[in-house]
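Q: Single-letter residue listing:
2 protein chains.
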Amino acid sequence: MALIVQKFGGTSVANRDRLFNVARIVANTRNEGNDVVVVVSAQGDTTDDLLEKAAEITHNPSQREMDMLLSTGEQISIALLTMALGELGCPAISLTGWQAGFRTDRTHTKARIQRIDSERISNELAKNRVVVVAGFQGINRHDDITTLGRGGSDTSAVAIAAALHADLCQIYTDVDGVYTADPRIVKKAKKLDVITFDEMLELASLGAQVLNNRSVELAKKYGVNLEVCSSMNNVPGTIVKEVVDVEGMLIKGVAKDVNVAVISILGVPDVPGMSFKVFSLMAQRKINVDIILQSSGNEGYKDVIFTVPLDEMEIARKTLEENMGRFGGNKIEVADNVAKVSVVGAGMQSHPGVASTMFEALYENNINIHMISTSEIKISVLIDKKEADKAVNAIHNAFVG
Amino acid sequence: MALIVQKFGGTSVANRDRLFNVARIVANTRNEGNDVVVVVSAQGDTTDDLLEKAAEITHNPSQREMDMLLSTGEQISIALLTMALGELGCPAISLTGWQAGFRTDRTHTKARIQRIDSERISNELAKNRVVVVAGFQGINRHDDITTLGRGGSDTSAVAIAAALHADLCQIYTDVDGVYTADPRIVKKAKKLDVITFDEMLELASLGAQVLNNRSVELAKKYGVNLEVCSSMNNVPGTIVKEVVDVEGMLIKGVAKDVNVAVISILGVPDVPGMSFKVFSLMAQRKINVDIILQSSGNEGYKDVIFTVPLDEMEIARKTLEENMGRFGGNKIEVADNVAKVSVVGAGMQSHPGVASTMFEALYENNINIHMISTSEIKISVLIDKKEADKAVNAIHNAFVG
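From first to last, the protein sequence lines stand for chains H and L. Heads up: the first sequence begins at 1 in this note's numbering, then just goes up one per residue. Heads up: the second sequence begins at 1001 in this note's numbering, then just goes up one per residue.
Hint data in this document are derived by calculation from the structure and do not stem from the laboratory. From a predicted model like this one, the values you see are computed outputs, not experimental measurements. We treat Cβ as the ideally placed atom computed from N, Cα and C, and that holds for glycine. Heads up, some of the hints might be wrong.
[Claimed, not checked] Restraint ranges, calculated between C-beta atoms of paired labels, are given here:
# : chain 1 : residue 1 : chain 2 : residue 2 : range
1 : L       : GLU1056   : H       : SER264    : 51 to 57 Å
2 : L       : VAL1235   : H       : ALA126    : 54 to 60 Å
3 : H       : VAL243    : L       : LEU1088   : 54 to 60 Å
4 : H       : ARG285    : L       : GLN1114   : 48 to 54 Å
Whenever a hint applies, use it, and build me the whole structure from the sequences.
A: What follows is the structure, encoded as structure tokens:
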């Protein structure tokens, strides 16, 4: 007998039939003798419908009230799923974020979980009930409802698994695991049986979008065993865990990220401290800077070039233009017609040939590289957006086959 | 400066335009220097939509989960109304039932308010904010969400007004006050400026349906001044209060109630205790018995005839048939083609002519009376349902003109 946390996203609970499908998965897990805590998101389009209602009222809503509004989505899901479980004869009880003990900081719409007072969940498990918890939400110390932001339900699930010392946290999605590349782009993409937290983190942050990054960080921090699996077909998924399989594949995946833009600051005086001023400005505005390139000084001036998430491009440009005097550039240029393509794999640390294999594959396909970034377990290149899918296939072919 | 509680029903907040209409009423009240607490119901069809979602899953849902589901309706309303108030520059904050301190008993779907811990509301008022509270809901001592049942938002509003010692509790509806009869039936119906709690209670329980009965009882108990007014046009409504205006109209209203059925038990032995057994059975099943008629004993047997709410007719019939041996009747008959028409007015206590005027009006219109019931402030007759509107007009004409 084990304690298993199962998380189901909005697509998995979108309508009556899917709710019963989820209920059957949950009931089967319980019937096998396990304690089960289920975390669910809002049904399919509920969140969009609620956002639309708010947009009819104001384009500048209070973030507290947005949380009040959006948190109803998961509350509807948990009630309906619990009813479906009841219909299958599986005793269950639903708990909102606050009832489940999720305490967060005060940052509305993207709160961080501070702790989980899991007494209520434990009590209900002790009554032999499945506990159905609303993902994505909690309350702050003023008892105001907060939400966790994008992918928050994954984080809720991992946090509960950590708090309860669960044996496994299963994240059910519409894919049946983590692949070596997006199967929609690369036909020969293979499902991985196992992947490390670090590899998963690189893949998630690089746009693989199977698992929310914060949830993987949390799982790594607390040693929670994760499994990514499909709610649609009953096959083993991909296990995410700490241990590195040294005999495993050299690389674990090829990822494409089109949520990226390049910012170039031209004519920055080539004196110490200028780059620091630029990047501390970005940090103050909480803009994530990724790949950085700096031209060597030429006649006393240099160019500072870096990438930011596409949706932060405008605020980054505005911030830089307003503060141009502080670092002395003479022109800001932005470009959004780019994509980042990366290979990820803990195995590459000891294999110096990875970069050259990657660059060769791109060269043979006539794809130009604008920027390069490397870490111990990944290599990323920035290329033209229109060549991204071709690049993913070429690189996947070179490493995975 | 006064403290005013304003309650708006589902129709009043059904869409964007109506939400802004409500927001303007609230903002105006605040701009006149008042503290304002607003209680709102779920938007228009939201509750029906949620009920439909549940019905797709099960026809026998857990009542706890129904409360979890339905309480989202008001939560959506309070968030949207608070956003609309913000858009008008009126500082406001929304509170769910549990945040507003509504503590109820454990009866899911028709809980009773036990107390209101109004500290949070008071704190927010002290910050010069309008407080927008979700009606219809609270939590029990296990921190489970409960709902108050039909008309619950009226009760929420009156309970807050009582807890805060508010100067006035305004119930906004789609009519602009309490009328001497339903204006859709009686063209000459007049709006009342003032009515007593007792009169209002009789009118509400007799089917006038302007105010929920429990809310009037609560207002009477705690001396809360009520005003029934319209959210559509800005005219004074009807004040409901304790004081009787001795110089006022003889009768305050004529009401029709078609939610009524007659149950006849034929051939009950004419010995002591048989009626007691019948009505204690009804009381055990919480069936409200209203008018009672008993035929005089004939050859050792009598007939026991009484009215119940139409929607309790079948359970009453079933209960009686299953227990026929206990009171010895030989046949149960039910009839649902009846209506109850009543005149209400505290003034009639000292005017013995009321009954005869009423019966004369019915006689002149050739309307047959099946049963009669009187109290200090009302006279009710049971007649054929198809003659109900004619009867209301005839009686209204005789008393009000």
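Q: Hints first: check each against the structure and report whether it holds.
A: We went through each hint and held it up to the structure:
A C-beta distance of roughly 55 Å is found between GLU1056 of chain L and SER264 of chain H, which places it inside the suggested range of 51 to 57 Å. One distance hint, 54 to 60 Å for the beta-carbon pair VAL1235 of chain L and ALA126 of chain H, holds here, with the actual separation near 59 Å. Distance hint check for VAL243 of chain H and LEU1088 of chain L: the Cβ-Cβ separation is about 58 Å, which falls inside the suggested range of 54 to 60 Å. At roughly 49 Å, the beta-carbon separation of ARG285 of chain H and GLN1114 of chain L lies within the given 48 to 54 Å, and the hint holds.
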